[in-house]
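**Q** For reference, the chains in residue letters:
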Amino acid sequence: MTDGGGVVLESSPPTRLVFNWGDPGNEEAEGSQVTFDIEAYGEIVRLTVTHANLANEAERDEIASGWPAVMANLKSLLETGHALPQTPWEMPARS
Amino acid sequence: MDNIFKALADSTRRYLLDRLHEDNGQTLGELCERVDMTRQSATQHLAVLEAANLVSTVRRGREKLHYLNPVPLNEIQERWIDKFERPRLRALSAVKRRAEDDMTDKPRSVYVTYVASTPDRVWQALTDPDITAEYGGHRNISDWREGSN
Chain U
1 MTDGGGVVLE
11 SSPPTRLVFN
21 WGDPGNEEAE
31 GSQVTFDIEA
41 YGEIVRLTVT
51 HANLANEAER
61 DEIASGWPAV
71 MANLKSLLET
81 GHALPQTPWE
91 MPARS
Chain F
1 MDNIFKALAD
11 STRRYLLDRL
21 HEDNGQTLGE
31 LCERVDMTRQ
41 SATQHLAVLE
51 AANLVSTVRR
61 GREKLHYLNP
71 VPLNEIQERW
81 IDKFERPRLR
91 ALSAVKRRAE
101 DDMTDKPRSV
111 YVTYVASTPD
121 RVWQALTDPD
131 ITAEYGGHRN
141 ISDWREGSN
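Residue numbers (our numbering), protein chains in the order written: chain U, 1 to 95; chain F, 1 to 149.
Extracted from the complex, chain U is given alone in its bound form:
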């Protein structure tokens, strides 16, 4: 998964984080925006990742397959103290 990085647009701990996602070396390119929304419900948390302003459908497909892998790893880490034993986004696509 490509690394993102950019300017923090909104930081409201611990419920909402919005930042620009783009190639930091390429200031010209209009980047996309990532929003994390964190909502508590009893002893669980709903974490919503919205990746908006993507360039095209191809980028959407790439991003849409990347976030579940990262979020699964994050979920495992938070719940068990360990990330997944294999790197999930390196798993080959279904043939």
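Keep in mind that the hints were calculated from the coordinates and are not lab data.
Be aware that one or more of the hints could be misleading.
Incomplete in silico selection of chain F near chain U, CB under 10 Å [as the list claims (entries may be wrong)]:
id: 1; residue: 27
id: 2; residue: 118
id: 3; residue: 135
According to the in silico footprint, chain F covers these stretches of chain U (three or more CB under 8 Å from chain F) [said to hold, decoys possible]:
id: 4; stretch: 10-22
id: 5; stretch: 38-50
id: 6; stretch: 55-65
Just so you know, these numbers come straight off a predicted model, no measurement behind them.
Where a beta carbon is used, it is the ideal one built from N, C-alpha and C, also for glycine.
Keeping the supplied structure of chain U fixed, place chain F upon it in accordance with the hints.
**A** Leaving out everything else, chain F in the frame of chain U:
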């Protein structure tokens, strides 16, 4: 004008004004019922609002009806908003609307997951570089304050 801002600087009193805005001309009893507070507390808050001329009252038999008086709010709007800011606010909201329209035209991806954790721990996991490195999160941004790189 001080007493208007003081009267407005309290969430309970703003809530009382909202209730009157919804349904003007309520008795003390009706207002207490809807805001779930004691008569004594509501009476004190309403007295502050009345002193600021934000609420006016009319006697009806043994009852007193409370009405929202929009005149002081209108004066605030005329003095602080209309004169200086209206054209800029209009331009700003047009920019916001256009930007949001643009955003919705572009593809987006939404992913939802549920974690047995607390908002604080999830926030930390999203922003602490040592933790993001463990699960392969996004590149880290210095201190996650607005405007930071």
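**Q** Under 10 Å is the threshold here; is the Cβ of residue 118 of chain F close enough to any Cβ of chain U for the hint to stand?
**A** holds (7 Å)
**Q** Given residue 135 of chain F was flagged as interface, is its beta-carbon under 10 Å from a beta-carbon of chain U?
**A** holds (4 Å)
**Q** Measuring from the C-beta of residue 27 of chain F to each C-beta in chain U, is the shortest one below 10 Å?
**A** With a closest approach of 39 Å, the residue 27 of chain F hint is violated.
**Q** When I compare C-beta atoms, does the stretch 55-65 of chain U have three or more residues closer than 8 Å to chain F?
**A** holds (count 7)
**Q** Within the stretch 10-22 of chain U, is the number of residues with a Cβ closer than 8 Å to a Cβ of chain F three or more?
**A** holds (count 8)
**Q** Do three or more residues from the stretch 38-50 of chain U put their C-beta atoms closer than 8 Å to C-beta atoms of chain F?
**A** holds (count 11)
Checked against the numbered hints given earlier, the structure breaks only hint 1 and satisfies all the rest.
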